[in-house]
Amino acid sequence: MRDVAIIGAGSTVFGKFPETLTYQLGAEAGRAAVKDSGIDPREIQFAYCANLYGGMVIGQAVMGETGVTDIELTNIENACAGGAAALTKGWWDIASGRYDLGIIVGVESMTTSPIAGKLIPPAKGDITGELGMNMVARFALSQRRYMDTFGVSLEQIARVSVKNHRHGCLNPYSQYRKELTVEEILNSRPICEPITLLQCCPATDGAAAVILASADLARRYTRKPVFIAASVLKSGDYAFRWEDITFSDMTYKCASSAYEMAGIGPGDINVCELHDAFAMNELQHYVELGFCKRGEEVRLLEDGVTQLGGKLPVNPSGGLLSKGHPVSASGVAQIAELVWQLRGQGNGRQVAGAKVALAHVVGGEVTGLESGAVGVNILKN
Amino acid sequence: MKTRVPFREGLFEEITGEVSLVGARCRKCRQVIFPNRDTCLNCMGEDLEPIHLSRRGTLYSYTIVHMPSEHFDPPYAVGWIELPEGLRIFSQLRGWQEQPLTTGMDMTLHFEKLWAEEEKEVFGYVFRPSTNGGA
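Protein sequences appear in the order of chains A and B.
Using this note's numbering, read the first sequence as starting at 1 and increasing by one per residue.
Using this note's numbering, read the second sequence as starting at 1001 and increasing by one per residue.
Pairs of lysine-lysine, DSS-like flavour, derived with a Cα cap of 30 Å:
#1 A:355 <-> A:224
#2 A:124 <-> B:1120
#3 A:253 <-> B:1028
#4 A:118 <-> B:1120
#5 A:380 <-> A:311
Keep in mind that the hints were calculated from the coordinates and are not lab data.
Work out the full structure: start from the sequences and follow the hints.
In structure tokens form, the structure reads like this:
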């Protein structure tokens, strides 16, 4: 397999833009990534566009506005992991030798989607969905069990949101740039108990894009290519094999495969963007991603290890909690953030000396399975 | 009078006045699955025996939802019920206003109206906190 580099990254500012159409968001990110890479968009050989709610061939509309036509273009839906799925497919298209240059876009407009103002349900007709399941309830059930069986408190969980909102203040792309207190978070209105509003990521509109190139081609355009050391995507296994809803088997398995592919371990990661759709998720993912043993995750947070300035900053962008979560865009936006971190372009949120980075997203709900999809990508200088 | 319809065919059946959830046990690997199917999802074996799942279980986790869903107005409660057969069933929870929910409490299966549509009343399974002596 050939080495694959990322030679360009771009993003819209994340926020609520009900007047902006989905394809316009995608094209803004696509053009920014093309400009950042220095390539002529007409050289691009393939594209993947991740999107959930935008409608028919949205990627063609995005690419048409970016100057990319008459190529192999595939639209991808994998819920919150759509962006990661698109990256994995693009990585393989180059690693396998089929193509040398491609673009990956993730885009979502939640404010104009059919579920605007609602809690995201599973697909129509899903059994648990019909019985009242939604994405917040799914994780509220995990959080209830987590608090009751491991003795983790709401105050401790809220501190994840405090940290990530503090990080978000430093990121010009972030939807929210405002510090929050534990009290504000716990006193915000209940959504699915014990999850309150400010333990949740917001509804967000936005897009992000990256340009992928074979290593040989990358060196023609940049002296600082960022390489994809591992790219792994997994669907969920049957829930009857899932022992404990406070520990994601699929994230654990996906991360283990990614570390093996990259030939490194969790101790080698310098910076991480992970799926903090709800504050509690971040603590559980520390364990599944191997950053600490079970029972040590609260200490990792409270000791400041995972805040900017700590040994392993997690979600320096503000994460989904503060930066926002335009569903299919998030997986690509994490990659853009980590490319900037590895290039030393993180400005006020730069993780000093970052050389190896990990991105993790998970998403989708379907009866009978742990979850829809999970993606783990490891980047390095 | 509205027509009474199950929210999904094949998930439960009524025999001699008692309604039960219908799952299946694989005769090869012993895995119990719900709903009932022709093929075991664990080992792909095709020798399955339909079984009536236990009507009592414990509350593995629960949440009270404060926003509407397609069929339910807030607040409503849902949760995972752990059955002795070793599987978890996602269900609407009822009776939580009278008896507060706690993780690990005993729960009992009931069949009730889930929601109403124009011409029909949709019914299905719910779990309620077990009363002394069982339901």
